[in-house]
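Each residue of the sequence shown is one higher than the one before, starting from 15 at the first, in this note's numbering.
Hints in this document: simulated from the structure, not taken from any laboratory. Just so we're clear, the structure is a prediction, and the values are computed from it rather than from any experiment. Hints may be right or wrong, so weigh each one.
[Claimed, not checked] If you anchor each label on the Cβ, the simulated ranges turn out as follows:
#: 1; residue 1: D75; residue 2: A38; range: 26 to 32 Å
#: 2; residue 1: Q168; residue 2: D34; range: 29 to 35 Å
#: 3; residue 1: R23; residue 2: N200; range: 42 to 48 Å
The C-beta atom is built at its ideal place from N, Cα and C for all residues, glycine as well.
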Amino acid sequence: AKRDQLAARHLALVEAMAIDESGAPTRLPATEPLAPGGAVVRFPGFLTPGECEHIARSAADLLEPAVVIDPASGRHIRHPHRTSDGAVLGPTRETLPVRAINRRIAAISGTNINQGEALTVLRYAPGQQFRPHHDALSRTVNQRVTTVLLYLNQGFAGGETTFPAYGLSVAPRGGDALLFTNILPNGQPDPRARHAGEPVRQGVKWLATRW
15 AKRDQLAARH
25 LALVEAMAID
35 ESGAPTRLPA
45 TEPLAPGGAV
55 VRFPGFLTPG
65 ECEHIARSAA
75 DLLEPAVVID
85 PASGRHIRHP
95 HRTSDGAVLG
105 PTRETLPVRA
115 INRRIAAISG
125 TNINQGEALT
135 VLRYAPGQQF
145 RPHHDALSRT
155 VNQRVTTVLL
165 YLNQGFAGGE
175 TTFPAYGLSV
185 APRGGDALLF
195 TNILPNGQPD
205 PRARHAGEPV
215 RQGVKWLATR
225 W
């Protein structure tokens, strides 16, 4: 950090976080239940504006048309059901701030950081959306038990996250996190977790997801 401006900016973000020497958070934001039994929970102010900007910038040069998992083959394919642009922040792109944020996600979801997939960043331009879908995967024993969405910006129109079974529509607010459970106690997909990213009407929506 003493010799490199980029490293210095990363270090400043990390040093501003409430974390211990291992990078684990020492405090977590308050929770706001949005559905019965804590099936959908919002964490207002989960990220600072600087952290939101860092995640978006980390993925900006990797963005390409987003894909879905084909239930028949298990392969990642492009599909009109999902029209956003996306990028995965895998190990070579996981900066120290992103690593610390992933530790924070693990803490609010009650999981180990190594149980989560790489952070995926999505950008929705006007008209782009993710039609109703379920995050749980078919034909797998390593299930996506929980989803955490991170809203990275605001100032756009549309783009709500909706849960038809709960009659719930969540308006994105930059810095908020949304957590929801994808499976029932018996391990089967919970049909109530079906959700959608509604079309953006104006402006651009930035979002990050970790399963």
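Hint by hint, here is what the structure shows:
For D75 and A38, the Cβ-Cβ distance of about 30 Å falls inside the hinted range of 26 to 32 Å, so the restraint holds. Against the hinted window of 29 to 35 Å, the Cβ-Cβ separation of Q168 and D34 comes to about 31 Å, which satisfies the hint. A hinted range of 42 to 48 Å for the beta carbons of R23 and N200 is consistent with their spacing of about 46 Å.
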